[in-house]
Each structure stands twice: as C-alpha cells, then as structure tokens.
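Undergrad: Heads up: the sequence lines are chains S and B, in that order.
Just so you know, we're using this note's numbering here: the first sequence kicks off at 1 and counts up by one.
Just so you know, we're using this note's numbering here: the second sequence kicks off at 1 and counts up by one.
Don't read these hints as lab results, they were simulated from the structure.
Fair warning: this is a prediction, and the values are worked out from it, not measured in the lab.
Be a bit skeptical, because a hint or two may be false.
Claimed, not checked - Keeping only pairs whose Cα atoms sit at most 30 Å apart, straight-line, the calculated DSS-like set for lysine-lysine is:
#, chain 1, residue 1, chain 2, residue 2
1, S, Lys40, S, Lys194
2, B, Lys236, S, Lys450
3, B, Lys188, B, Lys198
4, B, Lys196, S, Lys421
5, S, Lys454, B, Lys131
6, B, Lys196, S, Lys13
7, B, Lys196, B, Lys236
8, S, Lys421, B, Lys20
9, B, Lys145, B, Lys188
10, B, Lys196, B, Lys135
11, S, Lys454, S, Lys194
12, S, Lys421, S, Lys395
13, B, Lys11, B, Lys24
14, B, Lys145, B, Lys11
15, B, Lys236, B, Lys116
16, B, Lys145, B, Lys116
17, B, Lys131, S, Lys395
18, B, Lys131, S, Lys450
19, S, Lys70, S, Lys194
20, B, Lys171, B, Lys114
21, B, Lys24, B, Lys114
22, B, Lys188, S, Lys450
23, B, Lys198, B, Lys11
24, S, Lys13, S, Lys53
25, S, Lys60, S, Lys13
26, B, Lys116, S, Lys454
To be verified - Here are the in silico distance ranges between beta carbons for each label pair:
#, chain 1, residue 1, chain 2, residue 2, range
27, B, Asp227, S, Tyr71, 29 to 39 Å
28, B, Glu192, S, Lys107, 28 to 38 Å
29, S, Ser62, B, Gly19, 26 to 36 Å
30, B, Asp122, S, Glu23, 49 to 59 Å
Just so it is clear, CB atoms sit at the ideal spot from N, CA and C, and this is done for glycine as well.
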Amino acid sequence: MTSIEAHVQQPYKYGFVTDIESEVVPAGLNEDVIRLISDKKGEPAWMLAWRLKAYRNWLKMSEPHWPNVKYGPIDYQAISYYAAPKKLPKLDSLDQVDPKLVATFEKLGIPIEEQKRLSGVAVDAVFDSVSVATTFQAELAKYGVIFCPISQAIREHADLVQKYLGTVVPYNDNFFAALNSAVFTDGSFVYVPKGVRCPLELSTYFRINASSTGQFERTLIIADEGSYVSYLEGCSAPMRDENQLHAAVVELVALDRATIKYSTIQNWYPGDEAGKGGIYNFVTKRGKCAGANSKISWTQVETGSAITWKYPGCILQGDNSIGEFYSVAVTSHRQQADTGTKMIHLGKNTRSTIVSKGISAGHGQNTYRGLVKIMKGAEGARNYSQCDSMLIGDKCGAHTFPYIDVRNSTAIMEHEASTSKIGEDQIFYLRQRGLSAEDAVSMIVNGFCKEVFKELPMEFAVEAQNLLGISLEGSVG
Amino acid sequence: MSVGNVLLEVKDLQATVEGKTVLKGVNLTVNAGEVHAIMGPNGSGKSTLAQVLAGHPAYTITAGAVRYRGRDLLDMDPEERAREGVFLAFQYPIEIPGVNTTYFLKAALNEIRKHKGQPELDAIEFLALVKEKMKILHLPEDCLKRSVNDGFSGGEKKRNEIFQMAVLEPKLAILDETDSGLDIDALKVVSEGVNKLKRPDNAQFVITHYQRLLNYIIPDFVHVLFDGRVVKSGGKELALELEERGYESLVSHELQPA
C-alpha cells in the first residue's frame, strides 16, 4: 500500500442511533398509506389529491438506470414511509422538545435549545419524517420572513404553497420526484417578501434515525422581488448494514432581482469499507430564476451516501438571470456519486457558472454529469464550466459527462476540465517542510476545493473543511 | 576551514530505488559551519543522496548508517527530520495548486517551532518575519499570495526554495542543483541569499553539476560522487580541476590504482 492509499479509512462520526419511542407505519406503499400520511399532517384535500395524482403517475414510471452507478434492486414495498418520535412538541413551544431529540441534535453540532443557539442562524431540525424544532421563527416574522416546516406551511400558508409547489419540479418530473410528491413528509418552507434581505442564515438539518424507513423531504423556497436569502442544509444518519433511501425534492423560485443562495453539506452514512449499508441519496433539486436579474447559486459539499444521484440545476427564465453551481463531491471506500448540474438558458443575457471538484479515493467512483442548454431565445447567453477531478490511490475512478446543447449562435461557452493525482511527491514536499502526512493531504485537498469552499457561508466553511479532513483521514499513512 | 562539532555523519550508505542500486557506499562527515559541495556526472547518485537524507519514501536503504546531531537520521520520518532542521531545496520544486504560499509556510514554520518548544507565530508576527526574509531573495511580493510554486517560472521556483530556507532557518540545508535553470543574474541573487544564511551553527550541502555555482558559493570541501560512491574529496580547488579536466579523466585516474 502506498502512503496515500493508507489514508482513507476513518470511521463515520455521526453513526449513532437515538433510542427514542417512534411511531412507524408498517412497510409498504399504497393509496391508504398516502392517505394516512396526509391525515397525520392534517392536510387539506387539495394536497392529498396532488399526492395521489403523483402516486398514480409513479406507478407507471420506472426507476432510471442511466446513472453511472451500480446497486441492487430496491424493494419499495419493504420501506416504511412514515416514522416520527411519539412525543412531539406543540408547534410554538420549543421548550417541550424531547430532551433525547435535543441531545441528538446537540451531538450533531446543531443546538436547538434557546440559550445555545448558533448566532445568526435559524435552524429547522427534521428527525425522520417530522420537523421537531424550528428556531428564530418569531424573530424572522418581524421581517415578514416565513421559515417553517412545510407541513405547517401547507396548513397555514396554503395560498403560497399551492401557487408554487410543483412549478419547478412537477409531480411527474422523474421517478424519484414522483415518489417524493406522493409520500413527502417534512422539509422546510421559506418565503422572503419583497425587498427583504433575510437577516439570518436559514438552515435545515435532516437526520434519519429509524431503521427500514426512507426519508422523503420536500423543501420550497420563494424569494419575492428584490429579496435575498441564504439557506443551508446538513444531513446525517446512523450506521446500518441496510441501505436506506433518501429521495428529496427541493424547489427554489427567485422572482425579479431576487437572490437565493442554497448550500448543502451532505454527510449521510456512506456504508462501510466493503460497501455494506449506506444511504441511497436520490435527489431532485432545481431552481427557477423566474424574474429578470434574479440569481440562484447552488453550493454543495457531498461527502456521504453510498450512492449519490443529484443534479441541482437552474432554469434561467428571466432576462439577465444568473445560475451558479459549485460542487465538491468526495467518494471513498465503495461510494459512488453521479452528480452535476443542469443549466437551462431561456432568457436573454443569462449567465451560468459551473465549478465541480470531484475527489475519488479508495474504490470510490465519481462521475460529473452536467447539461448546459441554450434555448433559441437566449440571446447573448454565457456559460463557463470547470470540472476538476482528483484521484487518491489507484483503485478509484473519475468520469466526466458534459452535455452541451446550443440553439442560439450568439452563445459563448467555455469548458475546462482537468484530472490530477495527489502525488507522493506533493505529500513528500510538504512533509519535508515539517507538516505531518495527514496535514499534508488535508492541505492539498482543501487547496483543490478552495474555489468551492469560498462560496459557503462563513459559519459553515470551516465545518466543510473539517468534514473533508475526516472523510479522507487515513488515506495517507 | 572550521573544525566544529559533527552535524552529519554518513557511513557506507547504500540505497536502491525500484530495485536499482543507486548509492553503493557513501561516506561523508559534515561539521557545523561548513559548506560542502557534491559534484558528479548525471546518474552518479547526487539527487538520490539528497532525497535519501530527506527521507523520500521511494528509496530503500539497504546498508549503512546516518547520524544527524547524534541521532539516527534514518529512523526519523521526513517531517521529523524537517522539524529537526534538515531542509531540502528541491531540484524540481513541486507545484501545489490552491494552497497559498504564505499559509503553507506559516504552517510549516509553526510545526518546527512547536517541535522546538517555541511559541507559534501569529499572522502579524509571521508577516513581519516574511517581509524581512523576502528582501534577501528579492522575491516579488505576489509570489507569497500565489499557490505554492503554481505558475512560477523556473527561476521563481528556485528562489522560492531559498526563501523558504531563509524562513525556516535549517541546521542542515541540502541544495539539490539549485543552480540549474537559473540565468546568471538569478544565480547571483540565489547565491547571495545562501551566503547570507550561512552561520557558525549550520551547514550547507550544495549539490551541483557545474563549477559555476561555486564561484558564488565558496565551499570548504568538494566531493566527487561517481557511480554511487564518493571517489575523491578535496578543497575548493578540486571543483576547478574538474571543470578543466572533466569527470571521466579524474575518475579513471582515481580508479586505476584500485
């Protein structure tokens, strides 16, 4: 084993299970289960109708197998679609949150207790199928910002939800989006009114705890004219031998001159060294720059999951709108990731930037898949894409599939790609100056990812760097 | 010539890389305050000797011993050697994209300081130190803001190596063909830098192909390495002799009596 290969294997830090009494509906999926979920959430009839429409469509669809990943068949009838802690607080009283849940999130670095809260960050904590706490709601309400679990929004802000839900990712968009539309349980809802710059970072932390369940959260963010919001999601799950399905949908809508910055630090359980267990992360994320001069920026740091399948994209409909995608994806052990973005240019003078950094170690397989589409009416559209891959060791792989579809001759497209290997020589050079092998690798990898990390909100940039350090620790000895 | 305390003692050092024996029994003693030059033709083992002393993992030591300041050097990790004051100015400095030069050098210096039991320098103290050292090498300030060696010209890379040496203040500096790829002006700057860093308590170990460098860095001793062995040692006049007569004649002359 070379000194680099020896570095990858570090135990997953967030693999503990919370021993809590949960209500789990029996495994299986049918219309009754969907009615049950809708009933538990106290949903209006239109919501149930939408779910059933999605379900009936899903039955006619088949699982996509075009991604560059391999896994055994998923038994959708063996999954439980709803799990929730039995003792849930009343919505407006955070003090009643079960201490076990508080302790769980505290252990994950997400304090939800009043006195320990992260300053400047409002958090929605989702545990299995339900939101257990949302902080700073009252503070945000002073600015007219709505930040709440989506189940609450469906009851209390039905007009907004009905107006925008499914407008960016339709209920029949793809197999996993249809499944999500039928069974989604919780997730966050954000509305930022006209001209408001959201005073806090908004953040949702997703935790899977119960076994044999899937998590199907749905997030909807609407930034009204001239508003700004920065939102971050984090996630983790216990270590289990089984594979658990996580099929989320995220929809963003930016109206005229609005900006949405969406960051993800994804750290689902990746499975063990032999590839046993881990989360299947099959996610549909899309933003629509509906208004002129609007901007949506995706930043993702993907270190977890056994399999990742996600392409956060932007529909650049408004003239002069801007879409950005900054990604770091790490695959080690037997992890597989097929991830990238879609930039669809519709409006005039629309611009998109793609910066993707893939890091493969161990037996990891990392695929960048990206689509840049310039439609006929998109006069003067521009795209810049940069895809860099880094290989650590000689048993991993990096793959790049850029699709470019240009239908307007005024478009300007740039694409750069590189593949590099962390060399023994780079590590030796740093060690010769007095740095340990571990610090050397971490310095090289962080240097490689710098362009993406600088896009993260300050509070989380350090966390992301540490996370990367943890994922790769042990890959050099 | 100064006769001080022994800094480095190499005895019958033998090393292989990828199954090929490159060092076949090297003997050398370096005292504090001395400048040694190692000369020799291509493939004689000069760079291997430098890499082996710094602890590059690609080389296997098959025989011999190296004592450094009274300790077994070969028993130490590369980073421990560095923290103990062994510095290698690379023949081909490695590029590390995205890693800021100042950040890297501050981390390195603080590792060394920690090892010595000295307090770590904060950003302000470090920058003051760096400003002072940069004058020695006439290094443009933007080199510090760039990634380590990334996009540096050949001359900038070599100057950056000596600049790092100035900041880290090693006890034993090994300069591996620092003159290669330098024009005459750059050579002068680098040599002046090296000379300014010379102190009674440290030693410099200069590996070079050509005598040219030794017009600027005056060695106390010159050793000729040939086929993995030191075949001749002498004073600075040996370098001139080599320049005039070439390695072949010297070596055949030396080897005949054997």
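Undergrad: Please write out, lowest number first, the hints stated earlier that are contradicted by the structure.
TA: The structure conflicts with hints 1, 2, 4, 6, 14, 15, 17, 19, 21, 22, 24, 25, 26, 27, 28, 29, although it agrees with all the remaining ones.
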